[in-house]
Amino acid sequence: MTMDDMKNEADAASIVSMALYTVMYPVFNQLEKVNLSAAQTLRAAIIKAEKENPGLTQDIVMKILEKKNVKIDYHESLLRMAADDVEEFTIDRREPEFQELNERARALKHILSTIPDEIYDRAGFLQSIKDIASAIKELLDMVNTVFRKYQYQNKRALEQQKKEFVKYSKSFSVTLKTYFRDGKVMNVFVSANRLTHQTNMILQAFKTVV
Amino acid sequence: MATPLARGSMDHEPGIVSPFKRVFLKGEKGRDKKAQEKATERRALHTFSLSQPDHRIDPDILLNDYIEKEVKYLGQLSSVPGYLNPSSRTEVLQLVDNARSHQLAGQLTSEQDAVVSLSAYNIKLVWRDGEDIILRVPIHDIAAVSYIRDDSLHLVVIKTAQESGGSPCPSSCPDLNKSQTLSSLSEGGAVLVEVCCLLVLAVDNKAAAEELCLLLSQVFQIVYTESTIDFLDRAIFDGATTPTRHLSLYSDDSSSKVDVKEAFEEEASAFPFQASMEAEGNSPSASTPASPQAKTASDGDLSTTAAELLQDYMTTLRTKLSSQEIQQFATLLHEYRNGASIHEFCINLRQLYGDSRKFLLLGLRPFIPEKDSQHFENFLETIGVKDGRGIITDSFGRYRRTASSASDSTANGNGAAGGSGASDEGQEAPEGDEWDRMITDIGNDIEALGCSMDQEGATP
Chain A
1 MTMDDMKNEA DAASIVSMAL YTVMYPVFNQ LEKVNLSAAQ TLRAAIIKAE KENPGLTQDI
61 VMKILEKKNV KIDYHESLLR MAADDVEEFT IDRREPEFQE LNERARALKH ILSTIPDEIY
121 DRAGFLQSIK DIASAIKELL DMVNTVFRKY QYQNKRALEQ QKKEFVKYSK SFSVTLKTYF
181 RDGKVMNVFV SANRLTHQTN MILQAFKTVV
Chain B
1 MATPLARGSM DHEPGIVSPF KRVFLKGEKG RDKKAQEKAT ERRALHTFSL SQPDHRIDPD
61 ILLNDYIEKE VKYLGQLSSV PGYLNPSSRT EVLQLVDNAR SHQLAGQLTS EQDAVVSLSA
121 YNIKLVWRDG EDIILRVPIH DIAAVSYIRD DSLHLVVIKT AQESGGSPCP SSCPDLNKSQ
181 TLSSLSEGGA VLVEVCCLLV LAVDNKAAAE ELCLLLSQVF QIVYTESTID FLDRAIFDGA
241 TTPTRHLSLY SDDSSSKVDV KEAFEEEASA FPFQASMEAE GNSPSASTPA SPQAKTASDG
301 DLSTTAAELL QDYMTTLRTK LSSQEIQQFA TLLHEYRNGA SIHEFCINLR QLYGDSRKFL
361 LLGLRPFIPE KDSQHFENFL ETIGVKDGRG IITDSFGRYR RTASSASDST ANGNGAAGGS
421 GASDEGQEAP EGDEWDRMIT DIGNDIEALG CSMDQEGATP
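Going down the list, the protein sequences come from chains A and B.
So for the first sequence, our numbering puts the first residue at 1; every next one is plus one.
So for the second sequence, our numbering puts the first residue at 1; every next one is plus one.
Just chain A, with the same shape it has in the complex (with noise of 0.2 Å):
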């Protein structure tokens, strides 16, 4: 599977394909333990019918679900699920700032997957925030730097992808206000998905530009 694929998979204005790479990855992995061939081809066969239609394995997987009569919050699991790595996001070169920004990414992904233990307790929510705040702050940074530092072939593209980052960022802030008036914490989940969406968009735009 080649960044191509990848990149047009992952729309960077939806989180339909988290299910492929968030839920159906991991999956991939344990099954290519047992049986390494049928693995490739039922990754192959997946990522190319995601390819075609985006959203396609959500469906799979939310259908899965309700056959298995698996009460779960999707979004909420989403979430939780979303601190894992995924490999096709990981900057390979090994320079200290690709480095520190695969771990700055890591580390926003990960508090934003304790949001659904801590949003029920108010003190340690806004607590989470904060680190949440500084985590995104932090990535910014390293970004910013690593668009000094380095040559790129391509530098709209990635200023677009920090600009969908930052717009995302606010809209997670957005979507907080509103929580704390209305309670609703579906929205909080959705937009901390997107959010761990446009973390891993920016991964992958320095994978493949820089």
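If you are wondering where the hints come from, they were derived from the structure by calculation, not from laboratory data.
Heads up, some of the hints might be wrong.
[Stated by the list, open to error] Here are the simulated EDC-like cross-link-like pairs (lysine to aspartate or glutamate), alpha carbons at most 20 Å apart as the crow flies:
1. A/Lys177 <-> B/Asp60
2. A/Lys177 <-> B/Glu111
3. A/Lys170 <-> B/Asp238
4. B/Lys124 <-> B/Glu111
5. B/Lys124 <-> B/Asp238
6. B/Lys69 <-> B/Asp113
7. B/Lys206 <-> B/Glu335
8. A/Lys170 <-> B/Glu41
9. A/Lys207 <-> A/Glu164
10. A/Lys177 <-> B/Asp233
11. A/Lys155 <-> B/Glu335
12. A/Lys163 <-> B/Asp54
13. B/Lys358 <-> B/Glu377
[What the hints assert, rightly or not] Derived DEER-like restraints, expressed as beta-carbon distance ranges:
14. B/Thr315 <-> A/Gln151: 25 to 35 Å
15. B/Thr319 <-> A/Ala157: 26 to 36 Å
16. A/Gln160 <-> B/Arg234: 15 to 25 Å
17. B/Asp230 <-> A/Glu87: 32 to 42 Å
18. B/Asp60 <-> A/Lys71: 27 to 37 Å
19. A/Gln151 <-> B/Thr382: 50 to 60 Å
20. B/Gly354 <-> A/Gln151: 25 to 35 Å
21. A/Gln160 <-> B/Glu381: 36 to 46 Å
The C-beta atom is built at its ideal place from N, Cα and C for all residues, glycine as well.
Please arrange chain B on chain A, whose structure you already have, making use of the hints.
Frame of chain A, contents of chain B only:
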């Protein structure tokens, strides 16, 4: 309250009332009547119904309105040690007891009746009668709220800053730990504040005390929440901008502000090397008879001059281009320096500047490497900004002559430089050429830009 004797008498002989009781009851009735009369004279409190059992109130009321509760104001203790633990009943009562004789009211009467007005901004205490303000405490000055029941006395003790504006919390603690309810705040044991104040209130019963504490807790939550969201917004804003020590040029999209000045500085740091490298390649030890300036010019001076030239050019660009266009210029310059062709660079710049600002290309002359200078000069000719053609040169004859002098003379320089003819033109010409070209172009550019600004000022 009836005595057992009086009660017993009444029970067995309802028609007979003890004279003592009559007097006692008459006095009591009198006082009750007075209190009742007073109560009816007092205005109704600005209050709201609270949801049970946690006494929740609509946050908008605390943000945009206020709520009042009746209390008794016993007094305020000042110069209380800052390390006082407000959740320690013993410590607080010890202070209160010591102060009851001189600082705090001893007996609770209607004279201590007060109203506490609570909002997300402050708590305000006024006397129930007369509405004179007793004190006002901003929320950020409140460290803790405690409820202490001492027999029939229900005390609400508020730990505040010693003076308005000061912080009752250690400076190391964030102003975020105010969301606790009945218990006091523990700031990890670190105490950096010497003294604080204790505001001592009394309420009728436990329910009233808990209600007041929970209301204050909700205020703390609102303030804490607002400040946390502000912190998040600030972090996003700070991260979205590229840090710089200088003024940044902002794009229209506030979500991503690019510091173009920084991009320029990176370019400026490289150009002096370029200028000095060109000078070194032309025998730096040889004297340059073209002009006295060139004779004494060192590589460092040329580097400084190149940097100054770039700074001047940047200053000009800022007056002629929008912020977005300057960003585009920086991008084009960066791409050129990273391998894009001179042809592509020229075409893109011409497109960026447009017809009315094509003269800006002249200012780039000092920064074009020798290998590309011919192409650059040819390009200038094609667009009509060289050798007397173009809007700038047409109206400024001196420019035409000076340009001709620069193009014709390789070692003699020009009038501005004041140089004289050289004896070894072949050997020293390249370095003299470079210096003369730069000096000539600086002068021409300044004159040309000044002319264009005059033209712009003249046209409506």
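Checklist entry - Hint by hint, which ones does the structure fall short of? => result The structure breaks hints 2, 5, 7, 8, 12 and 19; every other hint is satisfied.
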